[in-house]
Amino acid sequence: MAAPFDRVRAYVDQKREGEASFGDVVALAEITADSMQAFFASIDTAIYKELRDIADYITRMRSEIALLQAGELQADRLPRAGEHLGAIVVATEEATNAIMECAEDILAAAGADDATFRSVVNDKVMAIFEACSFQDLTGQRIARVIETLEHIEKRVGRFAAAVNPGGETEAVAEDARERRARELLLNGPQDRGVAIAQDDIDALMAK
Amino acid sequence: MALDHAMPVLIVDDYKTMLRIIRNLLKQIGFEDVDEAADGSEALGKMRDRRYGLVISDWNMEPMTGIELLREVRADEKLNRTPFIMVTAESKTENVIAAKKAGVNNYIVKPFNADTLKAKINAVFGE
Numbered sequence: 001m002a003a004p005f006d007r008v009r010a011y012v013d014q015k016r017e018g019e020a021s022f023g024d025v026v027a028l029a030e031i032t033a034d035s036m037q038a039f040f041a042s043i044d045t046a047i048y049k050e051l052r053d054i055a056d057y058i059t060r061m062r063s064e065i066a067l068l069q070a071g072e073l074q075a076d077r078l079p080r081a082g083e084h085l086g087a088i089v090v091a092t093e094e095a096t097n098a099i100m101e102c103a104e105d106i107l108a109a110a111g112a113d114d115a116t117f118r119s120v121v122n123d124k125v126m127a128i129f130e131a132c133s134f135q136d137l138t139g140q141r142i143a144r145v146i147e148t149l150e151h152i153e154k155r156v157g158r159f160a161a162a163v164n165p166g167g168e169t170e171a172v173a174e175d176a177r178e179r180r181a182r183e184l185l186l187n188g189p190q191d192r193g194v195a196i197a198q199d200d201i202d203a204l205m206a207k
Numbered sequence: 001m002a003l004d005h006a007m008p009v010l011i012v013d014d015y016k017t018m019l020r021i022i023r024n025l026l027k028q029i030g031f032e033d034v035d036e037a038a039d040g041s042e043a044l045g046k047m048r049d050r051r052y053g054l055v056i057s058d059w060n061m062e063p064m065t066g067i068e069l070l071r072e073v074r075a076d077e078k079l080n081r082t083p084f085i086m087v088t089a090e091s092k093t094e095n096v097i098a099a100k101k102a103g104v105n106n107y108i109v110k111p112f113n114a115d116t117l118k119a120k121i122n123a124v125f126g127e
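From first to last, the protein sequence lines stand for chains A and B. Residue 1 is where the first sequence starts when you use full-length UniProt numbering, and the numbers rise one by one after that. Residue 1 is where the second sequence starts when you use full-length UniProt numbering, and the numbers rise one by one after that.
A portion of the hints provided could be inaccurate.
Below, simulated DSSO-like cross-link-like pairs (lysine-lysine); rule was C-alpha separation at most 30 Å, straight line [to be verified]:
| no. | chain 1 | residue 1 | chain 2 | residue 2 |
| --- | --- | --- | --- | --- |
| 1 | B | Lys101 | B | Lys46 |
| 2 | B | Lys16 | B | Lys78 |
| 3 | A | Lys207 | B | Lys118 |
| 4 | B | Lys110 | A | Lys207 |
| 5 | B | Lys27 | A | Lys124 |
Sample of chain B residues with no beta-carbon within 12 Å of chain A, all distances over it, derived [said to hold, decoys possible]:
| no. | residue |
| --- | --- |
| 6 | Met1 |
| 7 | Leu3 |
| 8 | His5 |
| 9 | Arg20 |
| 10 | Lys27 |
| 11 | Asp35 |
| 12 | Glu36 |
| 13 | Glu77 |
| 14 | Lys78 |
| 15 | Thr82 |
| 16 | Ala98 |
| 17 | Pro111 |
In case anyone wonders, no lab produced these hints; they're calculated from the structure. We treat Cβ as the ideally placed atom computed from N, Cα and C, and that holds for glycine.
Using the sequences and the hints, build the whole thing.
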């Protein structure tokens, strides 16, 4: 950008020592006008390029946002995933209670005569088998929830790549719930291989 | 402290099912006097109203967690000698270390069975 004004600077330096004539002033005005024209031309090109890039970026973002299908996620997939999870909680709770009731009934029948006890055990064991069928349904529901999470992961990943092609990530501020979980060590159940075994816990407690 | 099966036991868990499981297991072991609380703050209130011989608590509860309950209990001179067993799905080494540092008497990781519960209770009472 300095180049257009170099001619002006050179002319002024050349004329600095002597008196300036009208012709010098006109010549300086012409050189300045030429220089300014070149300068503004370069600015126009740079601004145009910037604006063009911004417009392209906005267009690309619009199509990426459309691909996110946020409306569909919010209106359909996420509520359905929530319903599935709610149903899983209810189904497992009902099944557990049913199984426990059977177990309690069997325990309570321990003092009864043999025939009655056998009958109670048979009935309750059958009821336990029936209650265990919850696993099939909850398994299917969990599969649907996983499907939704994968759907979201795919779209968010694509969006993140489009917004930030370099893959640089900004630290996300920790919210109150996350801070509580960190401070109170609310890690939740761990996967096999990561979870510490009861024997190891006993060893730690014994130290 | 000797193990007395007639002593009142307080079990603390935010899952009713878990409370029921632990209550039944305690019954099998021989404890009949069992009270329940759904989180640490409810448990603390009950402990201030009644003297319990043993507290069996989950870790992850709201609003007051098991580790907060344990720290409150150990900081209270009227309650600080109450035996406290943590029964939890929190199975990271840092959890066990934090609980031990806070003064837990024993630590059981879920899922567990009656034998484990019985063994840990016996260990707490030196049986």
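Hint-by-hint comparison with the structure:
| no. | hint | in the structure |
| --- | --- | --- |
| 1 | B/Lys101 - B/Lys46 | holds, 24 Å |
| 2 | B/Lys16 - B/Lys78 | holds, 28 Å |
| 3 | A/Lys207 - B/Lys118 | holds, 21 Å |
| 4 | B/Lys110 - A/Lys207 | holds, 22 Å |
| 5 | B/Lys27 - A/Lys124 | holds, 20 Å |
| 6 | Met1 | holds, 17 Å |
| 7 | Leu3 | holds, 18 Å |
| 8 | His5 | holds, 18 Å |
| 9 | Arg20 | violated, 6 Å |
| 10 | Lys27 | violated, 9 Å |
| 11 | Asp35 | holds, 19 Å |
| 12 | Glu36 | holds, 15 Å |
| 13 | Glu77 | holds, 24 Å |
| 14 | Lys78 | holds, 24 Å |
| 15 | Thr82 | holds, 17 Å |
| 16 | Ala98 | violated, 6 Å |
| 17 | Pro111 | violated, 10 Å |
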